[in-house]
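A.B. asks: Chain by chain, the residues:
There are 2 protein chains.
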Amino acid sequence: MKFCSQCGSNAVTFSIPKGDDRPRHLCSNCGAIHYINPRVIVGVLPYLNDRVMLCKRAIEPRQGLWTLPAGFMENGESSEEGALRESWEEARASIRVDGLYSVYDIPYINQVYLMYRGELTDTNFAPGPESLEVELFREEDVPWPEIAFPIMHKTLKHYFEDSKQGRYQLHRGVISRKLKL
Amino acid sequence: MKFCSQCGSNAVTFSIPKGDDRPRHLCSNCGAIHYINPRVIVGVLPYLNDRVMLCKRAIEPRQGLWTLPAGFMENGESSEEGALRESWEEARASIRVDGLYSVYDIPYINQVYLMYRGELTDTNFAPGPESLEVELFREEDVPWPEIAFPIMHKTLKHYFEDSKQGRYQLHRGVISRKLKL
Ligand SMILES: [Zn+2]
Ligand SMILES: [Zn+2]
Numbered sequence: 001m002k003f004c005s006q007c008g009s010n011a012v013t014f015s016i017p018k019g020d021d022r023p024r025h026l027c028s029n030c031g032a033i034h035y036i037n038p039r040v041i042v043g044v045l046p047y048l049n050d051r052v053m054l055c056k057r058a059i060e061p062r063q064g065l066w067t068l069p070a071g072f073m074e075n076g077e078s079s080e081e082g083a084l085r086e087s088w089e090e091a092r093a094s095i096r097v098d099g100l101y102s103v104y105d106i107p108y109i110n111q112v113y114l115m116y117r118g119e120l121t122d123t124n125f126a127p128g129p130e131s132l133e134v135e136l137f138r139e140e141d142v143p144w145p146e147i148a149f150p151i152m153h154k155t156l157k158h159y160f161e162d163s164k165q166g167r168y169q170l171h172r173g174v175i176s177r178k179l180k181l
Numbered sequence: 001m002k003f004c005s006q007c008g009s010n011a012v013t014f015s016i017p018k019g020d021d022r023p024r025h026l027c028s029n030c031g032a033i034h035y036i037n038p039r040v041i042v043g044v045l046p047y048l049n050d051r052v053m054l055c056k057r058a059i060e061p062r063q064g065l066w067t068l069p070a071g072f073m074e075n076g077e078s079s080e081e082g083a084l085r086e087s088w089e090e091a092r093a094s095i096r097v098d099g100l101y102s103v104y105d106i107p108y109i110n111q112v113y114l115m116y117r118g119e120l121t122d123t124n125f126a127p128g129p130e131s132l133e134v135e136l137f138r139e140e141d142v143p144w145p146e147i148a149f150p151i152m153h154k155t156l157k158h159y160f161e162d163s164k165q166g167r168y169q170l171h172r173g174v175i176s177r178k179l180k181l
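Residue numbers (UniProt numbering), protein chains in the order written: chain A, 1 to 181; chain B, 1 to 181.
Just so you know, the hints here were simulated from the structure itself, not pulled from any lab data. Be aware that one or more of the hints could be misleading.
Given that identical chains are not distinguished, each listed pair holds provided it fits within a single copy or across any two copies.
As the list claims (entries may be wrong) - DMTMM-like mimics (lysine to aspartate or glutamate), calculated; alpha carbons at most 20 Å apart, straight line:
1) 154 <-> 135
2) 18 <-> 60
3) 157 <-> 141
4) 18 <-> 89
5) 18 <-> 74
6) 164 <-> 21
7) 18 <-> 130
8) 56 <-> 162
9) 164 <-> 20
10) 2 <-> 141
11) 18 <-> 119
12) 164 <-> 130
13) 2 <-> 161
Required output: the full structure, derived from the provided sequences and hints.
C.D. replies: What follows is the structure, encoded as structure tokens:
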């Protein structure tokens, strides 16, 4: 933050406000304190019988790699609504949500992932503007080395494990640095 | 947002960027798009035997009412770390976390709550600067009409129900307007 969004002054420092215990963007002109907080990414693991739906990314980062539909949660929506919106935007997929399936913190990039699990209601999916391809994969056909993000890799692994047990439980974890898969 | 935090210009409009589908704070001077996303509140339901710990709020909103320790998640921490930090700040409480217990969306105020469940490791708790009192309550002694927020009321109700079943499961929901309790 270079300029105060309240008053336009460039007298913005990164220092600890009185009574606080960590640095914030402080405007010494108007006194505004600008908080910057983690962002929520919402998404879905869409399945149909023994297959899961993946999208090949048309955009950076990780263009050309495969991922589950997900994106930044927007103001005014619930996390489930956001997850379904992303599935529509990226894969034109219609999904009936079963429940929240994985919650991952990624503190080093200030993100929290909320991933739902849901069944595709039909196979009329198709790439949206941010996807090159959308496809269903059985476990053995998943392009594991080409999964775009560790959080998606973990969520997919949990899913196929749980499928074998016939029991789906919430998975939670912290991704604390860039993982080599 | 009145001024662009990138360039300091006051030429900030709230309109739909090219290729987007909803209005953002757009700077027509430097082209910056300023996204505003939901915030995450992290907290804990601390218990000890058949009692739960509540804090009487020393600050607005809902000053003088009772709540579970919770607050805005900070950059650089995991949600569990944030929940424990809040427990310390508000109640000087030490807690051993059992797991994530409730996830509530409150879209009308752009918040997502992640509430953990955890056992107090001792009874050396005490009010922090944002609390007037910190106390343990059995179910029948909880000051139900004086619980500060519907999300906390729901989480407490779930907890005492689950305690009777001897089985704690994740609770998830959406609070879509101000509820009368
Ligand atoms: Zn200012
Ligand atoms: Zn600008």
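A.B. asks: Checking residue 18 and residue 89: alpha-carbon separation at most 20 Å within a copy, between copies, both or neither?
C.D. replies: between (44 Å within a copy, 16 Å between copies)
A.B. asks: One pair to classify: residue 164 and residue 130, alpha carbons no more than 20 Å apart. Within, between, both, or neither?
C.D. replies: neither (32 Å within a copy, 48 Å between copies)
A.B. asks: How do residue 18 and residue 74 come out at 20 Å by Cα distance, when the copy is not named: within, between, both, or neither?
C.D. replies: between (31 Å within a copy, 17 Å between copies)
A.B. asks: First find the shortest C-alpha distance between residue 157 and residue 141 inside one copy, then the shortest across copies, and answer within, between, both or neither for a cut-off of 20 Å.
C.D. replies: Within one copy, since 13 Å is at most 20 Å while 45 Å is not.
A.B. asks: How do residue 18 and residue 119 come out at 20 Å by Cα distance, when the copy is not named: within, between, both, or neither?
C.D. replies: Result: close neither inside a copy nor across copies, 50 Å intra and 32 Å inter.
A.B. asks: Taking 20 Å as the upper bound on the Cα-Cα distance, should residue 154 and residue 135 be classified as within, between, both, or neither?
C.D. replies: within (19 Å within a copy, 40 Å between copies)
A.B. asks: Give the relationship of residue 56 and residue 162 under a CA distance limit of 20 Å: within one copy only, between copies only, both, or neither.
C.D. replies: neither (24 Å within a copy, 42 Å between copies)
A.B. asks: Evaluate residue 2 and residue 141 at a C-alpha cut-off of 20 Å and name the case that applies: within, between, both or neither.
C.D. replies: neither (48 Å within a copy, 51 Å between copies)
A.B. asks: Cα distance capped at 20 Å. Does residue 18 pair with residue 60 within a copy, between copies, both, or neither?
C.D. replies: Classified as between; 18 Å across copies, 40 Å inside a copy.
A.B. asks: If the cut is 20 Å between Cα atoms, do residue 2 and residue 161 qualify within a copy, between copies, both or neither?
C.D. replies: neither (47 Å within a copy, 50 Å between copies)
A.B. asks: From the Cα coordinates, with 20 Å as the cut-off, is the pair residue 164 and residue 20 best called within, between, both, or neither?
C.D. replies: neither (49 Å within a copy, 40 Å between copies)
A.B. asks: For the identical chains here, do residue 18 and residue 130 meet the 20 Å Cα criterion within one copy, between copies, both, or neither?
C.D. replies: between (44 Å within a copy, 15 Å between copies)
In the structure shown, a violation is registered for the earlier hints numbered 6, 8, 9, 10, 11, 12 and 13, in ascending order.
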